[in-house]
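What follows is each chain in one-letter form.
Number of protein chains: 2
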Amino acid sequence: MSDQITVAIDAMGGDNAPSAPVEGAVLAAQNGQTRILLVGDQERLETELEKYDTKELPISIIGSEGKIDDSEAPALALRQKPRASIVVATGLVKAGSADAVISMGSTGGTMAAAVVILGIIKGIERPAIGGPIVGAAPHQTILDLGSNIDCKPSQLLGFGVLGSVFGNVLLKIDNPKIGILSVGSEQSKGNALTKEASALFSKSGLNFIGNVEGNDLVKGTADVVVCDGFVGNVLLKLVEGIGTELGLQLQSALSGKMPPEVVEGILHELYSKNNVVDSRGGGPVFGVNGISIVGHGSASPTTFERAVDLAKMCVETRLIEEMNEQVPRVMALASE
Amino acid sequence: MSDQITVAIDAMGGDNAPSAPVEGAVLAAQNGQTRILLVGDQERLETELEKYDTKELPISIIGSEGKIDDSEAPALALRQKPRASIVVATGLVKAGSADAVISMGSTGGTMAAAVVILGIIKGIERPAIGGPIVGAAPHQTILDLGSNIDCKPSQLLGFGVLGSVFGNVLLKIDNPKIGILSVGSEQSKGNALTKEASALFSKSGLNFIGNVEGNDLVKGTADVVVCDGFVGNVLLKLVEGIGTELGLQLQSALSGKMPPEVVEGILHELYSKNNVVDSRGGGPVFGVNGISIVGHGSASPTTFERAVDLAKMCVETRLIEEMNEQVPRVMALASE
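So the protein lines, in turn, are chains A and B. FYI, the numbering for the first sequence is 8 to 343, going by my numbering. FYI, the numbering for the second sequence is 8 to 343, going by my numbering.
The following block holds chain A by itself, in its conformation from the complex:
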């Protein structure tokens, strides 16, 4: 492996595939520091790439057959489509031909491919997804956001240590503060899951600050907030819904009171500040033994470009190596 980092992009994944991933690959390759492997239907990708002047760019096409759709059961689809784009792309990471894989396709498919092909970090049971959801706290990592619906206390602890390593290594937060999302700050407040998890965190050696509440997500009280994927997913979708609604309300309240371009500017400023879910292009599949970045299906070319940057940072900061070192140690401490 040379110093230049290689990123495999699932060019068939996402609402706007293959045009958005191909254009995103061109943008990322133009930055000059990353080699891109576009994985997908060879002919379609060649046609798409011809729209750009790529002679000098480090972009290659890797052929694959078919894709895994959102509507498919991921585990079954993996077996039925061993040459699907996400399977081939993730396989490139396993084989050492790529340092990271990026997909805006089926989240379940991306996670399943990562688990089966890259394996799971020791001490973790199932992977998770996470990231910031509230604009006022853009460096807060909340996990899980929907992949683990019914959780055991040890899973919350796993989310905590994965989020802590991510916050420390990638976001440069010194000894990240970890909170359990609950219904009161006292340790006695919470449901059966959070109370048991609290006991595990207390033994973990992590910088555990106890329970945090819904409004603490806005204040950024903790750097890492753990919750089961049921709660996380409801929160994520609620915040998205509120953002859309308040944008409309604001537009209506301001229109006529100032020039349209000023209204546009204010709306754009507030939108950028608050729509943090996609601010990094996506997030890592937390807990798998390799770098797999997953993002929204609605990804634009610049979203892919940001995701390539994130992948590059994950490689350069040795995120996976750090997780492999810290996670088993913390999980062992808490189970003593």
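Worth double-checking, as some hints may not be accurate.
Copies of the same chain look alike in the list, so a pair counts if it fits in one copy or across any two.
[To be verified] Each computed BS3-like pair below joins lysine-lysine, with the alpha-carbon atoms no more than 27 Å apart:
#1 Lys184 - Lys101
#2 Lys88 - Lys196
#3 Lys280 - Lys264
#4 Lys62 - Lys226
#5 Lys159 - Lys196
In case anyone wonders, no lab produced these hints; they're calculated from the structure.
Chain A is already provided as a structure; the job is to place chain B on it using the hints.
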């Protein structure tokens, strides 16, 4: 009982007691349709009432001793303080001397007093609190919002039928649509609790529309949304936190771009539209056999006035009688 409705107010409850409840009682009594019993420390209430011209107003003081604080364990406090304001006030309803009780004091204390003194509606295990939390859907009743942390499926069903009767009788919604808050619209999506509850709802005869998601709370897809109190409480506090934060962001984005009084007007308009939690002054303790209204400790005099209006509507629409009729029937259907 005459045609005039009598409401007992816990005049020692709330951050601004007894001044706010006393002023609120005066405002409500001036409307001329409700008799108010102010329950609390006799001398303090007399002193407070002297500030107003109450000669012609139907306000009486009922003496009590002490109050239940937020910091106390409600059940224990009830036994230790049998003459506390909320106990005496709730007792007036039980005795038929009042038609409803209102408290902005300890929610736990108010609920415990209601359960012990008024009893529980047949088919319900524990009472719940609920109401709208998103401004865009002000007639949506979400419950539970924090009193039932770990729930059984039958409790969610209970919330559903209580919310349905409330929506129908009080909010005049014909056959209210009931949704279970979950992580996907398909019935197969959800946690163990929501999946089991879904099966119960399907047999209930209620207007059950299946799962709703976080963004549906903004759209008002369902008239009644059920969730366990853990999820509801996290949502409630998150929405409050986001509201505060976005108000500050907006103020900063607008200031300098238009006259201060116009900025104030816009902020006020958006705040009023979105701060729906207190729009009715409070909400009923759902599931108890009598009208007990509980609201935020920060209640102002006009909050008390609105709560009296709500209490009056609950009496006039025969809310409790309807619940007593419908709840046992639905719960029996679902358990067949």
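Open item on the list: Please list, smallest to largest, the hint numbers that this structure does not respect.
Closed with: 1, 4
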